[in-house]
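*Asks:* Starting from the given sequences, assemble the full structure and let the hints guide the process.
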Amino acid sequence: MNKNIKICFMGSPLFGKNVLKKLIEEFNVVLVVTQPDSYTKGGKVVVEQPVKILAKENNIPIFQPSNIKTDYETIKNYDFDFIITAAYGQFIPQAVLDLPKIKILNVHGSLLPKYRGGAPIQRAIENGDEYLGVSIMETVLKMDAGDIYHQSLVKLEEDDNLDTMMNKLSIIGAIDVSDVIEKLYADKDSIKPIHQDESLVTFSKNILKEEEYIDFNNPAIKVFNKIRSLNSNPVAKLMFNDKVYKVYTSRVIIDNSDSLPGTILSNKKELIIKCLDNAISIMLIQPAGKNVMDISNFLNGYRNNFIVGEIIK
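Residues 889 to 1201 in this note's numbering are what the sequence shown lists, from first letter to last.
Heads up, some of the hints might be wrong.
[To be verified] Simulated DEER-style distance windows between Cβ atoms: (1) N892 / D1035: 38 to 48 Å; (2) P1175 / Q978: 29 to 39 Å; (3) D1047 / D1085: 44 to 54 Å; (4) E913 / S1145: 27 to 37 Å; (5) D967 / Y1101: 46 to 56 Å; (6) E1045 / P1175: 52 to 62 Å; (7) I1142 / N1055: 47 to 57 Å; (8) N892 / G930: 18 to 28 Å.
[As the list claims (entries may be wrong)] Here are the simulated EDC-like pairs of lysine to aspartate or glutamate, each with C-alpha atoms no more than 20 Å apart in a straight line: (9) K1002 / E1018; (10) K1201 / D1165; (11) K1125 / E1198; (12) K1071 / E1026.
Worth flagging that the hints you see were computed from the coordinates, not collected in a lab.
A virtual CB, placed ideally from N, CA and C, is assigned to each residue, including glycine.
*Replies:* If you want it as structure tokens, here you go:
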């Protein structure tokens, strides 16, 4: 712990909140920069970023520019040694990159140079990577292209999903970045960063709306990974008979039948749907306008909506 080290933190969602929590414990966070508040469809209730809520609880000044490229003068009013970013959500201009006395560091949820971009954890789970990771890197103008100060690996377990991996990686990233801050504050040259190999770069584009829908023409393991990569935001979706169902969890079922992909194989104790190979058993599901249900409760009310032999396209 070193409260002499002054931090400006920039972040927004839960991933950022876990990092901010650790920084508050270890250092003197003088300013939190986060995305503007959003509103519900009715336009009445303000939805605050998790990072903002934590900053308010700790009486830390908050700045919420809608466009930091043109609105950053407020940040210049504060004195700090580091800017730490974690899932902030906006590109940071050079004028801000130049502000900290020592460094601007980013906590990025991937093993860079793999999965640069806005959805690294989602894409890694979707691809079924054995290990995910978190990188502590210097923030530069080019997206996620800065030199790397530290990386940690985390194994993707079978029961992991987006939420659990976001939590694991952000907690480890918070510990890692705190260690890097301490070392760089004591001696700017204490850590020799590693340049990213541009030949190994891959990108993780944000999830598109159409990607949220399950395609049973894929192998079962790919469908399984897709479902958990979107749990719990924005959640995988199943469209059947003009109705949308959110699918939270599933498991792979061995099935050697020659049924077409999307065929409903069982609606008794489980809702089993054929994939390109094998099948998927849906375990947690949410009909439109209803609460999330385990499959037993769901089938009690919706069994007749999913007739064995019908095909979900």
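*Asks:* Against each hint, give a clear statement of whether it holds in the structure.
*Replies:* Results for each hint:
{"no.": "1", "hint": "N892 / D1035: 38 to 48 Å", "verdict": "25 Å, violated"}
{"no.": "2", "hint": "P1175 / Q978: 29 to 39 Å", "verdict": "36 Å, holds"}
{"no.": "3", "hint": "D1047 / D1085: 44 to 54 Å", "verdict": "33 Å, violated"}
{"no.": "4", "hint": "E913 / S1145: 27 to 37 Å", "verdict": "55 Å, violated"}
{"no.": "5", "hint": "D967 / Y1101: 46 to 56 Å", "verdict": "49 Å, holds"}
{"no.": "6", "hint": "E1045 / P1175: 52 to 62 Å", "verdict": "29 Å, violated"}
{"no.": "7", "hint": "I1142 / N1055: 47 to 57 Å", "verdict": "31 Å, violated"}
{"no.": "8", "hint": "N892 / G930: 18 to 28 Å", "verdict": "46 Å, violated"}
{"no.": "9", "hint": "K1002 / E1018", "verdict": "14 Å, holds"}
{"no.": "10", "hint": "K1201 / D1165", "verdict": "16 Å, holds"}
{"no.": "11", "hint": "K1125 / E1198", "verdict": "18 Å, holds"}
{"no.": "12", "hint": "K1071 / E1026", "verdict": "14 Å, holds"}
Hints 1, 3, 4, 6, 7 and 8 from the earlier list are contradicted by this structure; the remaining hints agree with it.
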